[in-house]
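2 protein chains.
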Amino acid sequence: MPIEKVAIVGVGLIGGSFGLALKKAGFVGEIIGVSRPTTIEAALEHGAIDRGAPIKDALGESDLIFLAQPILRILEQLPEVARLARPGSLVTDAGSTKAAIVERAAAAFQDSKARFLGGHPMAGKEGRGVAIADDDLFQGAVWALTPQPGSSTCDVESDFRRWIERIGASALELSPQEHDRVTALTSHVPQLASSALAAAVADGLGNQEHLRVAGGGLRDMTRLAGSSYEIWRGILLTNPENIREALDLYIAEIEAFRDQLTSPELAERFESAQILHKQTRNT
Amino acid sequence: MPIEKVAIVGVGLIGGSFGLALKKAGFVGEIIGVSRPTTIEAALEHGAIDRGAPIKDALGESDLIFLAQPILRILEQLPEVARLARPGSLVTDAGSTKAAIVERAAAAFQDSKARFLGGHPMAGKEGRGVAIADDDLFQGAVWALTPQPGSSTCDVESDFRRWIERIGASALELSPQEHDRVTALTSHVPQLASSALAAAVADGLGNQEHLRVAGGGLRDMTRLAGSSYEIWRGILLTNPENIREALDLYIAEIEAFRDQLTSPELAERFESAQILHKQTRNT
Numbered sequence: 000m001p002i003e004k005v006a007i008v009g010v011g012l013i014g015g016s017f018g019l020a021l022k023k024a025g026f027v028g029e030i031i032g033v034s035r036p037t038t039i040e041a042a043l044e045h046g047a048i049d050r051g052a053p054i055k056d057a058l059g060e061s062d063l064i065f066l067a068q069p070i071l072r073i074l075e076q077l078p079e080v081a082r083l084a085r086p087g088s089l090v091t092d093a094g095s096t097k098a099a100i101v102e103r104a105a106a107a108f109q110d111s112k113a114r115f116l117g118g119h120p121m122a123g124k125e126g127r128g129v130a131i132a133d134d135d136l137f138q139g140a141v142w143a144l145t146p147q148p149g150s151s152t153c154d155v156e157s158d159f160r161r162w163i164e165r166i167g168a169s170a171l172e173l174s175p176q177e178h179d180r181v182t183a184l185t186s187h188v189p190q191l192a193s194s195a196l197a198a199a200v201a202d203g204l205g206n207q208e209h210l211r212v213a214g215g216g217l218r219d220m221t222r223l224a225g226s227s228y229e230i231w232r233g234i235l236l237t238n239p240e241n242i243r244e245a246l247d248l249y250i251a252e253i254e255a256f257r258d259q260l261t262s263p264e265l266a267e268r269f270e271s272a273q274i275l276h277k278q279t280r281n282t
Numbered sequence: 000m001p002i003e004k005v006a007i008v009g010v011g012l013i014g015g016s017f018g019l020a021l022k023k024a025g026f027v028g029e030i031i032g033v034s035r036p037t038t039i040e041a042a043l044e045h046g047a048i049d050r051g052a053p054i055k056d057a058l059g060e061s062d063l064i065f066l067a068q069p070i071l072r073i074l075e076q077l078p079e080v081a082r083l084a085r086p087g088s089l090v091t092d093a094g095s096t097k098a099a100i101v102e103r104a105a106a107a108f109q110d111s112k113a114r115f116l117g118g119h120p121m122a123g124k125e126g127r128g129v130a131i132a133d134d135d136l137f138q139g140a141v142w143a144l145t146p147q148p149g150s151s152t153c154d155v156e157s158d159f160r161r162w163i164e165r166i167g168a169s170a171l172e173l174s175p176q177e178h179d180r181v182t183a184l185t186s187h188v189p190q191l192a193s194s195a196l197a198a199a200v201a202d203g204l205g206n207q208e209h210l211r212v213a214g215g216g217l218r219d220m221t222r223l224a225g226s227s228y229e230i231w232r233g234i235l236l237t238n239p240e241n242i243r244e245a246l247d248l249y250i251a252e253i254e255a256f257r258d259q260l261t262s263p264e265l266a267e268r269f270e271s272a273q274i275l276h277k278q279t280r281n282t
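So the sequence lines, in the order shown, correspond to chains G and L.
Mapping to numbering that gives the first Met the number 0: the first sequence position 243 is 242, numbers consecutive.
Mapping to numbering that gives the first Met the number 0: the second sequence position 215 is 214, numbers consecutive.
Bound-form chain G, shown alone (with noise of 0.2 Å):
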């Protein structure tokens, strides 16, 4: 059964876009936001949505539904969804945890004839807001999804990963808790070690004329560091246990290389960091 209405709950930066990429890769059926008023009006000028919805309406209506807002806000109403979401429809979302959703989904969802698959679209960019939504957000991007295991996959599911790879982004499945362990190096540490390293220096600097003498290095490290505490909050709180161990993992590797700092063995840390540094840059 092929997609014919997509539901988009949080038409911000990641769900604009998801409608605006649709759009472009050739998907003819509706899209319907739902969104505050001034987030449908900002949505349908920018043309991500073709029309906004009450949630109930929309939801009982949509083939695909794709839950967008901030974490919080999606175990929220994670309940309200499946109870709203028409038999039949897929329910998935872009929330940048997976394990604490999985689990609140598996239990919500229970006695739904809708089923749920998580989501994470690994893509963003500064700022927020569906006025910067971008079709091409999600070119190039992995789209992390994480399968409940022995789940057969249904006819919606199948043109779900369809539109996935059109948009330009690939699929790659991972457990809940592999991705919940892997993001937690790759992206919550990223960002502790940048606000970190930011509030260290502004500690540790008695005069702020000495920010002048700073190169490149400093404004690279400290670019996360702009982000705001109300975007990490529900990323934080739904992953502290590998936060807390992958960051253990950082502290004992600058310690490692504090203590090291004028032996030659520090040589193969760096050569390890570099072999790192390259693979990044080739994913």
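There could be a bad hint or two in this list.
Any copy will do: because identical chains look the same in the list, a pair fits if it lies in one copy or spans two.
In silico EDC-like cross-links for lysine to aspartate or glutamate, where the CA-CA straight-line distance does not exceed 20 Å [claimed, not checked]:
hint: 1; residue 1: K124; residue 2: E60
hint: 2; residue 1: K277; residue 2: D202
hint: 3; residue 1: K277; residue 2: D258
hint: 4; residue 1: K22; residue 2: E264
hint: 5; residue 1: K277; residue 2: E208
hint: 6; residue 1: K277; residue 2: E229
hint: 7; residue 1: K277; residue 2: E125
hint: 8; residue 1: K4; residue 2: E240
hint: 9; residue 1: K23; residue 2: D49
hint: 10; residue 1: K22; residue 2: D134
hint: 11; residue 1: K112; residue 2: D56
hint: 12; residue 1: K277; residue 2: D219
hint: 13; residue 1: K23; residue 2: E229
hint: 14; residue 1: K4; residue 2: D134
hint: 15; residue 1: K55; residue 2: E267
hint: 16; residue 1: K112; residue 2: E44
hint: 17; residue 1: K124; residue 2: D219
hint: 18; residue 1: K22; residue 2: E270
hint: 19; residue 1: K112; residue 2: E60
By construction, these hints were calculated from the structure, which means they are not laboratory data.
Using the hints provided, position chain L relative to the given structure of chain G.
Quick look at chain L alone, frame taken from chain G:
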């Protein structure tokens, strides 16, 4: 006394860019390069110098002597430079740490009729060598200078400071100790934070395929990790106390983030990080 002849010792990225920048800014005197024959050839081809010469000849006839080799090479060569420098000339350098070089220079230049002024242009780019030298490299950059307290400014030094401005940089005076303390925080720790993060991610990821589950954040945060130990060795060996202290401050900050991960107090840490983030964008 205006500078009529400049000797650049070590015609790599920084030395070559200094030559190109001087010419672009209207310097009509002669620029003499001191480097290995293949480097001199490349520098001539690139237009960064007017001719090459052995160190003895170049230093004996130049008004300004610019040492742009790696730190450890500068340290090693300072006594020879002090001996060979023309009486009345100014010797300055581009080493990334200052206390060790200034201390060595104080001893080496004690009986010299040339003068030494420590310097560190805060400019650079990825890669190395005169092939990527750039006449715009110092545009907008801070050029740290570490004059001896109480020493009067000689004519050559005044003229050198004018050339710093003409090539688009702005001088900032610091003591060598202050310079090394500040750059430990603003440059050396960012480098080690990046290398350690890359090494930790390499350690922590079981499966390299999982690197695909990484956004732009990890890329940013591991850009510096591409640096080679060779380039950093001299910095680490000549500034270990400040770097250790700054690393300890950074570790303490990461531990605070870890311990407050799910606490509302984390909002304040994100905020002080955001303030520093903005400041690095404004300077």
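Structure versus earlier hints - violations, ascending order
1, 3, 4, 8, 13, 15, 16, 18
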